[in-house]
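*Asks:* So the chains spell out like this:
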Amino acid sequence: MGKTLLDIKNLHAEIEDEGKAILKGLNLKVNAGEVHAIMGPNGAGKSTLASVVAGKDGYEVTEGAIEMEGKDLLDLDPDERAKEGLFLAFQYPVEIPGVSNINFLRTSLNEIKEYRKEEPISAKDFMALVREKSALVELDAKLASRSVNEGFSGGEKKRNEIFQMAMLEPKVAILDETDSGLDIDALRIVAAGVNKLKNENNAVILITHYQRLLDYIVPDFVHVLADGKIVKTGDKSLALELEEKGYDWLTDVKTL
Amino acid sequence: MTTVISEKTDHFLSQLSIPENSFQLAAAERALQLDFPTTRDEYWKYTRLSKISKGAFTDSFEQKEKLDIEDQLVSNEFIVIENGIVREDISQYQKDYKIEISDASSPKTLKVNSSDIFSTINRAAAIHNVKITIGANKVIDTPLQIVYLNHSDRIISNTQLEINAEKSSKSTIVITNIGNEGKESFNNHVMTVDVAENAHLTINKIQAGNPSNYNISTEEIEQDQNSTFKINTVTLKGALVRNNINIAVNGQNCETHMNGAIVTKEKQHIDNHTFVDHKVSNCFSNENYKYVLEGKATGVFNGRVVVRQDAQVINAYQNNGNILLSDHASINSKPELEIYADDVKCSHGSTTGQLDENAIFYLQARGIAKENAKKLLVAAFIGEVIEEIEHEGTISLIHRLFKEVHNWDF
Chain A
1 MGKTLLDIKN LHAEIEDEGK AILKGLNLKV NAGEVHAIMG PNGAGKSTLA SVVAGKDGYE
61 VTEGAIEMEG KDLLDLDPDE RAKEGLFLAF QYPVEIPGVS NINFLRTSLN EIKEYRKEEP
121 ISAKDFMALV REKSALVELD AKLASRSVNE GFSGGEKKRN EIFQMAMLEP KVAILDETDS
181 GLDIDALRIV AAGVNKLKNE NNAVILITHY QRLLDYIVPD FVHVLADGKI VKTGDKSLAL
241 ELEEKGYDWL TDVKTL
Chain B
1001 MTTVISEKTD HFLSQLSIPE NSFQLAAAER ALQLDFPTTR DEYWKYTRLS KISKGAFTDS
1061 FEQKEKLDIE DQLVSNEFIV IENGIVREDI SQYQKDYKIE ISDASSPKTL KVNSSDIFST
1121 INRAAAIHNV KITIGANKVI DTPLQIVYLN HSDRIISNTQ LEINAEKSSK STIVITNIGN
1181 EGKESFNNHV MTVDVAENAH LTINKIQAGN PSNYNISTEE IEQDQNSTFK INTVTLKGAL
1241 VRNNINIAVN GQNCETHMNG AIVTKEKQHI DNHTFVDHKV SNCFSNENYK YVLEGKATGV
1301 FNGRVVVRQD AQVINAYQNN GNILLSDHAS INSKPELEIY ADDVKCSHGS TTGQLDENAI
1361 FYLQARGIAK ENAKKLLVAA FIGEVIEEIE HEGTISLIHR LFKEVHNWDF
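Chains as they are written, first to last, in my numbering: chain A, 1 to 256; chain B, 1001 to 1410.
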C-alpha cells in the first residue's frame, strides 16, 4: 500500500450563510496509487466535498480535518492547496475571456514551481510541454492559445481540465463529474488521458453519477456518499450493483 | 448691456501673466465673462471643478537645463513641452514631420469653442502653439511623441497642439504625460486635429503624471471623407482628469475609433466625455472604454453619439465596461444616442460589476494566488483596449507604468 496522500477525518461542513449542514462526519483515506470513486444520489454532498477540499469560499468547516501528506489543508488558501499538489477538475469549468490558456497555465506552473523552490520553466520547455500534454487528451493546440474555456464545447472544456491536470501533475486529483455532458468518444479520450496520468505516486478521486465512466477508469474503491457521509464502501462491483438497484436500498438501511 | 464678470474666473486669471497682445488680451476678456461649470451643468454633473477654480496656481518657474526623459521615450522623434513651454533644445525631430512652433499670440487656425472656459483660458494664457503637419501621401512608421512634463509645483500649463494629417497620409502621434514631478499642477491641454481625405491618423495618449495633478484636455477633431481616426486613452493617475473628445465626421466613408483604459486608485477622479457627430452617410464609429477603479476612485463616462437626419447607413457602436475593486469606488456612466436618421445601426451598452468570484477561485484552484488571479483578470479586462495601441514601444511603456503604479505584471 502506498503512503497516505489525502486523509479526510470526520468532516462536517455547512453552507456559510444558510448554516445548512451538508457534510456530516465524512471519512476518506486516499493512498498513493489508488483510484477512488464517489457516487451517490443528488444532493448527497458530492460536489460540496470537492469544493470544501479545494477551499472554495462559502462553506464553513465546523468539525474535522483534511490533511494532505500530514499537512492540514484547512489553514491554506485554495492556491496553496493546489501548490501542495491538489487538483480539482471542475464540473463546470469557468470561461475567462481575455486570459489565454497558455498565459494562465504558465503563470500557474511557475507559481507552483516558485512555491516548491524550483526554477521557473523556460518558454521553450513550456511550449514543448504544452504540445506533449495537449496530445494526451487530443486537445487541438489552437485551443491551448485561446482564452480559457471561452467558446469551448462541453467536451472541449472537460478535455481542457484534464490537459491542465497533465500540465500541473498533481498528487491528488479530484474529478468532479468530469463525465457529465460528454459523448462516448470524448469520454473515452478523457478517461484514456486520466489513465495515462495515474501512477503509483499519485491518486485520483472520481465523483460521478454514472457507472459508465468506471468502465474506462477502473476504481480500486467505490464509496457511496449519502446525506453527508460515506455509507458504504466496496470494490468496483459495487458500482454495478448501484447501477442496477439505485441508492434507495442503502439510504433506507441507514434510516432503519 | 451690462457685462457680468465671473469672480472665480477673475481670481483664476489673476494668477497668470497673460501675454500682452491684442488677441490674447481679448481672449482673457472673453474668459472673464465665462464661469467655471458647476455640477448643475449637465456635462459636469459628476465632476467638481472647485479644486481648479479656487486653486492657487502660478505660471512662473525656472527652466531645468537638463531633463531626464530617456525612460519616457517611445520614439526617436519627439517634442518636449515643459510646464507648457516647448523645449526645442532637447526636442528631436528632423525627418518626416513638419513642425512649426510659434508663440500663441495670433489666431492661426486653432479652432476651439469660444463658449468653453478652458479653451478660452488656454487661448488667453498659452505661450506656445505647436503645429504638426503630416504631408500628403506620407506614410510614417515612426510615431511622433509629444512629451508633456510638469516640473515645479502648482504650475498651470496651457498647451496648444494643432495636428494636420493631410490627404492620404498615415501616421501615429503618441502623447505622454507621465513622471512624478510637479505636485498639484494643472494641465490645460487644447488639441485640434484635421484628418483630411483618405488620411489615417492614430493618437495614443498616456496619462500618468503626479497623482495630485489636474488635467483637462479639450480635443476637437474633424474628419474628411474616407479617413480613419483612432484615439486610445490610457489613464493611470490624476487627482482630476477630464478628457473631452469631440469628433465631427464631415465626410462619407469614415471610420472613427475611440478606446479607453482607466485604472486608478486612491481618491482619483477620471472623467471621459466623448462626442461623435455623424453629419453624413456611410460612416462607422466604435467606442470602447474600460474602467477599473480601486480605493475611493471615481470614474465618469459620458459617450454621446449624434446621427443627423441626412446621415444614413451609419454604424455606431459604444461600449463601457467597469470593474469596481472596492466598495468605495464608484462610476457614473451615461451613454447617449441621438438618432435622427432612419437607416442606422447603433448600439450602446454599459456594465458595472466586480471581478468574477468564480473565475478567481478557478485560477486559485490552479495554484495562482488571489492577488495574482485578480491582476490576470484585470489585465484581461483592459487587454482589448491595450491591443488597439499597435505600437510595441508604447505598449511596453504602458506595461512598465502599470508595474510602477499598480505593481502589476502583464
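One thing to keep in mind: the hints can contain errors.
[Unchecked claim] Heads up, simulated BS3-like pairs for lysine-lysine below, C-alpha to C-alpha not over 30 angstroms straight-line: (1) A:Lys113 to B:Lys1279; (2) B:Lys1095 to A:Lys56; (3) B:Lys1370 to A:Lys20; (4) A:Lys196 to A:Lys113; (5) B:Lys1138 to A:Lys113; (6) B:Lys1008 to B:Lys1054; (7) A:Lys113 to B:Lys1370; (8) B:Lys1374 to A:Lys113; (9) B:Lys1051 to B:Lys1095; (10) A:Lys117 to B:Lys1370; (11) B:Lys1054 to A:Lys56; (12) B:Lys1095 to A:Lys71; (13) A:Lys3 to A:Lys236; (14) A:Lys171 to B:Lys1375.
The set of hints was computed from the structure by calculation and includes no laboratory data.
*Asks:* Check each numbered hint against the structure and report the violated ones by number, ascending.
*Replies:* Structure breaks hints 1, 2, 5, 9, 11 and 12.
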